[in-house]
Amino acid sequence: MKDIKQLRSKKQQIINYIIMTKRTLFDKIWDAHVVTAVPNGPTQLYIDRHYCHEVTSPQAFDGLRKRGLKVFRPEKTTLSPDHNIPTLLQNQPIKDLISKHQVDTLTRNANEFGLTMYGLGHSKNGIIHVIGPENGLTLPGMTIVCGDSHTSTHGAFGSIAFGIGTSEVEMVLASQCILQPRPKTMRITFNGKLKSGVTAKDLALYMISQLTTGGATGYFVEYAGEAIRALSMEERMTVCNLSIEMGARGGMIAPDETTYDYIIGREFAPKDEAWDNALAYWKTLPTDEGAVFDREITFDASAIEPMITYGTNPGMGIPIHSSIPKLEDIDPAGRISFEKAMTYMGFTPGEKIEGKSIDYVFLGSCTNGRIEDFRVFASFVKGRKKAEHVIAWLVPGSWAVEKQIRAEGLDKILEEAGFALRQPGCSACLAMNDDKVPAGKYAVSTSNRNFEGRQGPGARTLLSGPLVAAAAAITGKITDPKNI
Amino acid sequence: MEKFQTLTSTCVPLPIENVDTDQIIPARFLKATTREGFGANLFADWRYDKSGQPISNFVLNNPIYSGQALIAGKNFGSGSSREHAAWALAGYGFKVVVSSFFADIFKGNALNNGVLPVVVSDVFLLELFAAIQVDPTTTITVNLELQTISNNASGVVETFEINPYKKECLLHGLDDIDYLLSKKDAIEAWEKAH
Ligand code: SF4
Chain A
401 MKDIKQLRSK KQQIINYIIM TKRTLFDKIW DAHVVTAVPN GPTQLYIDRH
451 YCHEVTSPQA FDGLRKRGLK VFRPEKTTLS PDHNIPTLLQ NQPIKDLISK
501 HQVDTLTRNA NEFGLTMYGL GHSKNGIIHV IGPENGLTLP GMTIVCGDSH
551 TSTHGAFGSI AFGIGTSEVE MVLASQCILQ PRPKTMRITF NGKLKSGVTA
601 KDLALYMISQ LTTGGATGYF VEYAGEAIRA LSMEERMTVC NLSIEMGARG
651 GMIAPDETTY DYIIGREFAP KDEAWDNALA YWKTLPTDEG AVFDREITFD
701 ASAIEPMITY GTNPGMGIPI HSSIPKLEDI DPAGRISFEK AMTYMGFTPG
751 EKIEGKSIDY VFLGSCTNGR IEDFRVFASF VKGRKKAEHV IAWLVPGSWA
801 VEKQIRAEGL DKILEEAGFA LRQPGCSACL AMNDDKVPAG KYAVSTSNRN
851 FEGRQGPGAR TLLSGPLVAA AAAITGKITD PKNI
Chain B
557 MEKFQTLTST CVPLPIENVD TDQIIPARFL KATTREGFGA NLFADWRYDK
607 SGQPISNFVL NNPIYSGQAL IAGKNFGSGS SREHAAWALA GYGFKVVVSS
657 FFADIFKGNA LNNGVLPVVV SDVFLLELFA AIQVDPTTTI TVNLELQTIS
707 NNASGVVETF EINPYKKECL LHGLDDIDYL LSKKDAIEAW EKAH
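Going line by line, the protein sequences match chains A and B.
Following the working numbering, the numbering of the first sequence begins with 401 at its first residue and continues without gaps.
Following the working numbering, the numbering of the second sequence begins with 557 at its first residue and continues without gaps.
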């Protein structure tokens, strides 16, 4: 008897050992960055890359000043003003005084603390989540933070990237570390292939509509499966960017050849021998077969249609050719907020969304403001004409994107179709600058949030991918791009 | 952050249950961009009338009661997660809040701002309220190292729970940033190894 018991416990030990040694992408990066574990407390995590913009950092720098501290590792922090900047005439002083003050404060802090900043007019200036990857600052296996929820974008490279609060910004500046409880892990697998004409944004909007805006709260998500592997780096960034809209702490995708091809040769990417070493390490990162996640979800990618949102949170998305839900389709607990959203948006439950007239189109943001988004948009509008009543803001995510647009002649195509390019920044994504959608007007927007007032007081936002946005800009109505 | 080791203090009694953070600091006071200045508006809607005059029968306006220890009814600090509630208590000068139950997030926020929430039994709390009513100069003594609180009127002592990490922080007057700075050697060692 005793022998059998011993044998059993031995077997259990072996099973436990196997489970423990099979690790997820998240586990591998997290474990490698633990500096100390506070007994019965949080983990002290080392941060490889810290991005900063003008809105969430001033009190953190003030905190350093009060404590008489320097920035501990200045070379690991990169600054770029993006939220408040105008998208026209950036060479002139910012007119809005509060915006100007925030941008000036960032410059002052960069100078005082000896940090690299790509300020207004700099060829590397742009939305912080666009310029990081573009310059090879975002790499696989890194821990990356920024005082901004869409930091999850950088997870596309196979890094642990998440947004932090201002007091945590101060921690990183002071010590290059933060204290964090370890989140739970979730894997979302997309089997099958996306249909043609369906973009990464559609995939993400579909996922959020299925899981709801709180569906991944408390989890760090890894995206996997055939449809994810087939995405380009820019598309992967779009998906990871939107992780936060279902409450996830962050989203990530294991690095592969697509990742390495994107990174190689970028300005701050490792070179020569350092590249070989980095590559060898990155190849060890993907989740081991048999590793256990706290939660697993699977979707069929081939069932996804072009999506659009009809309500006031990113979870209120539907296939573009379908109808807005009827009141009885909504869970009783959610009916009050559903009706509130209907009133705000000026829609009737149960009606078709296609064919509705729109007033504004916004192509841009850290979700869809990269070169591929402009290519998709331009290829659709080529040889067509913008609907006369539509006001379109086409805002590249960075100056590098802007330059590339011109190099490829996309600007000419856009111009011929009646569109004008603006200067880079967050712009109408959150309307902290002058790009505000007027009250009651409808905007088809490639950004990430359709909250009440997000694009201006009373503005009505319909989130979509760049292709649906292009179709809306041409017809002046909500249109399935396939039907043109 | 200031160190906390022991405190002997008279008490300010607030024998009301479920005091939420909206009562501790009403929402209209959240616009400030610094952490200072919230103490003046602690319990603002109970403390002042519409014209801004002190309401004489509210305990903070009653000169009989004073001290650095707030004694509150069960479930203190529920509602919104605003850290401003802790800033207001700390700003007013409280170092300890005693109750038989605290809302989770409030507890964390208080500890991060140098205010020690002490959870006592219902009986201890009841007896303490009674003792203060009989004699407003009743004191309590809180010893963080030993994790004890005593009602000095009756001599009854109770032990209380606290997260060991947070206890260390308070004993040494360290907040999270100080903690991280104290780990500089570990950080540099990590950097060397990677
Ligand atoms: S583009 Fe929008 S979501 Fe992205 S960083 Fe700027 S404001 Fe935030």
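Just so you know, the hints here were simulated from the structure itself, not pulled from any lab data.
Don't be surprised by glycine CBs; every beta carbon is placed ideally from N, CA and C.
Fair warning: there could be bad hints in the mix.
[Unchecked claim] Computed footprint of chain A on chain B, listed as stretches where at least three residues anywhere in the stretch have a Cβ under 8 Å from a Cβ of chain A:
{"id": "1", "stretch": "592 to 601"}
{"id": "2", "stretch": "734 to 744"}
[As the list claims (entries may be wrong)] Distance condition first, Cα-Cα at most 27 Å in a straight line; then the derived DSS-like pairs of lysine-lysine:
{"id": "3", "chain 1": "A", "residue 1": "752", "chain 2": "A", "residue 2": "882"}
{"id": "4", "chain 1": "B", "residue 1": "740", "chain 2": "A", "residue 2": "470"}
{"id": "5", "chain 1": "A", "residue 1": "470", "chain 2": "B", "residue 2": "651"}
{"id": "6", "chain 1": "A", "residue 1": "466", "chain 2": "B", "residue 2": "723"}
{"id": "7", "chain 1": "B", "residue 1": "740", "chain 2": "A", "residue 2": "466"}
{"id": "8", "chain 1": "A", "residue 1": "470", "chain 2": "B", "residue 2": "739"}
{"id": "9", "chain 1": "A", "residue 1": "782", "chain 2": "A", "residue 2": "756"}
{"id": "10", "chain 1": "A", "residue 1": "683", "chain 2": "A", "residue 2": "422"}
{"id": "11", "chain 1": "B", "residue 1": "723", "chain 2": "A", "residue 2": "476"}
{"id": "12", "chain 1": "A", "residue 1": "524", "chain 2": "A", "residue 2": "812"}
{"id": "13", "chain 1": "B", "residue 1": "630", "chain 2": "B", "residue 2": "651"}
{"id": "14", "chain 1": "A", "residue 1": "756", "chain 2": "A", "residue 2": "841"}
{"id": "15", "chain 1": "A", "residue 1": "466", "chain 2": "B", "residue 2": "559"}
{"id": "16", "chain 1": "A", "residue 1": "476", "chain 2": "B", "residue 2": "630"}
{"id": "17", "chain 1": "A", "residue 1": "470", "chain 2": "B", "residue 2": "722"}
{"id": "18", "chain 1": "A", "residue 1": "786", "chain 2": "A", "residue 2": "683"}
{"id": "19", "chain 1": "B", "residue 1": "630", "chain 2": "A", "residue 2": "470"}
{"id": "20", "chain 1": "A", "residue 1": "476", "chain 2": "B", "residue 2": "651"}
{"id": "21", "chain 1": "A", "residue 1": "466", "chain 2": "B", "residue 2": "739"}
{"id": "22", "chain 1": "A", "residue 1": "812", "chain 2": "A", "residue 2": "882"}
{"id": "23", "chain 1": "B", "residue 1": "748", "chain 2": "A", "residue 2": "671"}
{"id": "24", "chain 1": "B", "residue 1": "739", "chain 2": "B", "residue 2": "723"}
{"id": "25", "chain 1": "A", "residue 1": "803", "chain 2": "A", "residue 2": "786"}
{"id": "26", "chain 1": "A", "residue 1": "428", "chain 2": "B", "residue 2": "630"}
{"id": "27", "chain 1": "A", "residue 1": "584", "chain 2": "B", "residue 2": "630"}
{"id": "28", "chain 1": "A", "residue 1": "756", "chain 2": "A", "residue 2": "877"}
{"id": "29", "chain 1": "A", "residue 1": "836", "chain 2": "A", "residue 2": "803"}
{"id": "30", "chain 1": "A", "residue 1": "466", "chain 2": "B", "residue 2": "630"}
{"id": "31", "chain 1": "A", "residue 1": "428", "chain 2": "B", "residue 2": "723"}
{"id": "32", "chain 1": "A", "residue 1": "683", "chain 2": "B", "residue 2": "630"}
{"id": "33", "chain 1": "A", "residue 1": "841", "chain 2": "A", "residue 2": "785"}
{"id": "34", "chain 1": "A", "residue 1": "756", "chain 2": "B", "residue 2": "630"}
Discussion item. Hinted pair, alpha-carbon criterion (27 Å max): residue 466/A, residue 630/B. Please report holds or violated.
Written reply: violated, 37 Å
Fill in: Given hint residue 841/A paired with residue 756/A - CA-CA distance at most 27 Å
Holds - the C-alpha atoms of residue 841/A and residue 756/A are around 12 Å apart, at most 27 Å.
Worksheet item: Between residue 466/A and residue 559/B, is the straight-line Cα distance small enough, at 27 Å or below?
Response: It holds: about 18 Å lies between the C-alpha atoms, which stays within 27 Å.
Discussion item. Check the hint pairing residue 470/A with residue 722/B against an upper bound of 27 Å on the C-alpha distance.
Written reply: At roughly 26 Å apart (the allowed maximum being 27 Å), residue 722/B and residue 470/A satisfy the hint.
Discussion item. Just to be careful, I want the Cα atoms of residue 756/A and residue 630/B compared with a cutoff of 27 Å; is the pair within it?
Written reply: Outside the cut-off at roughly 54 Å; violated.
Practice prompt. Decide if the proposed pair is consistent with the structure: residue 812/A and residue 882/A, CA atoms, cutoff 27 Å inclusive.
Written response: Holds, at about 24 Å.
Practice prompt. Verify the proposed pairing of residue 466/A with residue 739/B, using a straight-line Cα cut of 27 Å.
Written response: Given pair residue 466/A, residue 739/B holds - Cα atoms ~20 Å apart, limit 27 Å.
Worksheet entry | Holds or violated: residue 466/A to residue 723/B, with C-alpha atoms at most 27 Å apart | Holds, at about 24 Å.
Worksheet entry | Pairwise hint evaluation, residue 630/B against residue 428/A, where the allowed Cα distance is 27 Å at most | violated, 44 Å
Practice prompt. Starting from residue 739/B, check that the Cα of residue 723/B is at most 27 Å away, please.
Written response: Distance of about 17 Å is within 27 Å: holds.
Discussion item. Run the distance test for residue 683/A versus residue 630/B: straight-line Cα separation, threshold 27 Å.
Written reply: violated, 54 Å
Worksheet item: When you check the alpha-carbon spacing of residue 470/A and residue 739/B, does it fall within 27 Å?
Response: holds, 16 Å
In this structure, the earlier hints numbered 1, 5, 11, 16, 18, 19, 20, 26, 27, 30, 31, 32 and 34 are contradicted, and the remaining ones agree with it.
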